[in-house]
Amino acid sequence: MAVTRRLHKYYTVSFLKKWYVSHQRLCSWFSEIAAKIVKKEEVEEESHANSVLCWFTTDSVQSYNLSFVSGMASKAVRLLGRCLPFFPGKSIPNATRVQIRELELDETINMYFPKDTTFFAHDPGQVCKPGDIVLISSLPQKLTPLIEHEVLKVVYPFGDITDPITGKKVMNAMYREDIEFISEMYGKNEKGFDYENAPERGWQEDKKDFSHKQSYRRFQVYDKEDKQPYAVDY
Amino acid sequence: MPFMKGIAPIRRTVQYLQSGKLSLKDRVQVFSVHYNRLGENHQGARDFVFWNLPQVQYQNPQVQVVTFKNMTPTPFIRCYLDSGDDVLIDVDNKSKEEIESHLKLVICKSDELLAKEAIAQEKKDNEANFGYGCQRHCICEMPGQVPCSAVCPLPNHMRGKLRFATD
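So the protein lines, in turn, are chains A and B. Using the working numbering, you'd call the opening residue of the first sequence number 55 and step up by one each time. Using the working numbering, you'd call the opening residue of the second sequence number -5 and step up by one each time.
It should be emphasised that the hints constitute simulated quantities derived from the structure, not laboratory data. In this text, all values refer to a predicted model and were calculated from it rather than measured experimentally. Watch out, some of these pointers could steer you wrong.
Claimed, not checked - Simulated crosslink set (SDA-like; lysine to any residue; CA at most 20 Å straight-line): (1) Lys63/B to Gly221/A; (2) Lys207/A to Val57/B; (3) Lys207/A to Phe140/A; (4) Lys222/A to Leu16/B; (5) Lys90/B to Glu34/B; (6) Lys144/A to Asp170/A; (7) Lys207/A to Asp80/B; (8) Lys169/A to Tyr52/B; (9) Lys88/B to Thr220/A; (10) Lys223/A to Arg21/B; (11) Lys222/A to Val57/B; (12) Lys63/B to Gly185/A; (13) Lys(-1)/B to Met165/A; (14) Lys15/B to Asn123/B; (15) Lys196/A to Thr220/A; (16) Lys129/A to Lys19/B.
Given these sequences and hints, build the entire structure.
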């Protein structure tokens, strides 16, 4: 299976040519393969030149791009992840931070351990809220240097999960109608949370909840009226 | 079995991981299992996750295998395909074996397909080669080639010892 690898930004084709100018035979190999990688063409995985060239490519787990660019059908990789809360300095506009949990095999004991990676997923409508389980898909081309994925759909919104088998609303592994039934049998608490009439999540944003906006460390407060609602204290 | 500590360390042997029967179809990209910590109806799903989930991940390294606990009253398995659809499999009150056999029917590659893929993947040596370790021992076995000189001697004008004899 042909694989595209991203050339490390410092090792351009001209750089590689200069480096191996003394090895005429190697130079032609590398320049050919390197030119193909730079043009994002298909490269034979078995070729020796490619295996040596992989020294020069960014081969981290996240950047190992298995999609074929230009010419072949690119298969978007779909992932299921959890939305992370807005974090000043880490979040960017029109994108949610999504944490993907994958299993990584530890070769010494042959056991799978969960490994979290964080991606920025393009979300122009701000559909995602922290804690939602969302399905993201890799984009054929990066939108920005940071955004490589887009949000396809919110599968389980936080706190408002619908059981896909029955279609009923569920809270903490119990059907909401069962919770209501039990509470009515015991005697309904007037102050208890009313699921049906409760406003949607995010109704206090910009009123009391300022965690979704760009933030900064709180400036020194000299005046009691200086409230600084968007500041954070850490 | 080195480092064989913990509950059922057989799950952590390479032979066990390789003997997984569930080879998911190429369309499947995410394999998610929802189950609860408690509840008799979730026991089968819990057993499946305990015994077979590492095998599923080992057989399908490209698939994201993810579990969710204590989210819904009934257990289910949800597979997200590359077309955007998802396959929902209800595993309420099913045993681990029933779940495995059902998954094999629904979203796994069939045995015939796996056998075909295994054949295609084998790197076959050049069939035209002959000699030690090859399919044919000598070129003389092929009809149309010069026959074996042990069986049928070469004509004298082709034999060097007679052509270049000085006496």
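In rising order, the numbers of the hints this structure does not comply with
4, 10, 11, 14 and 15
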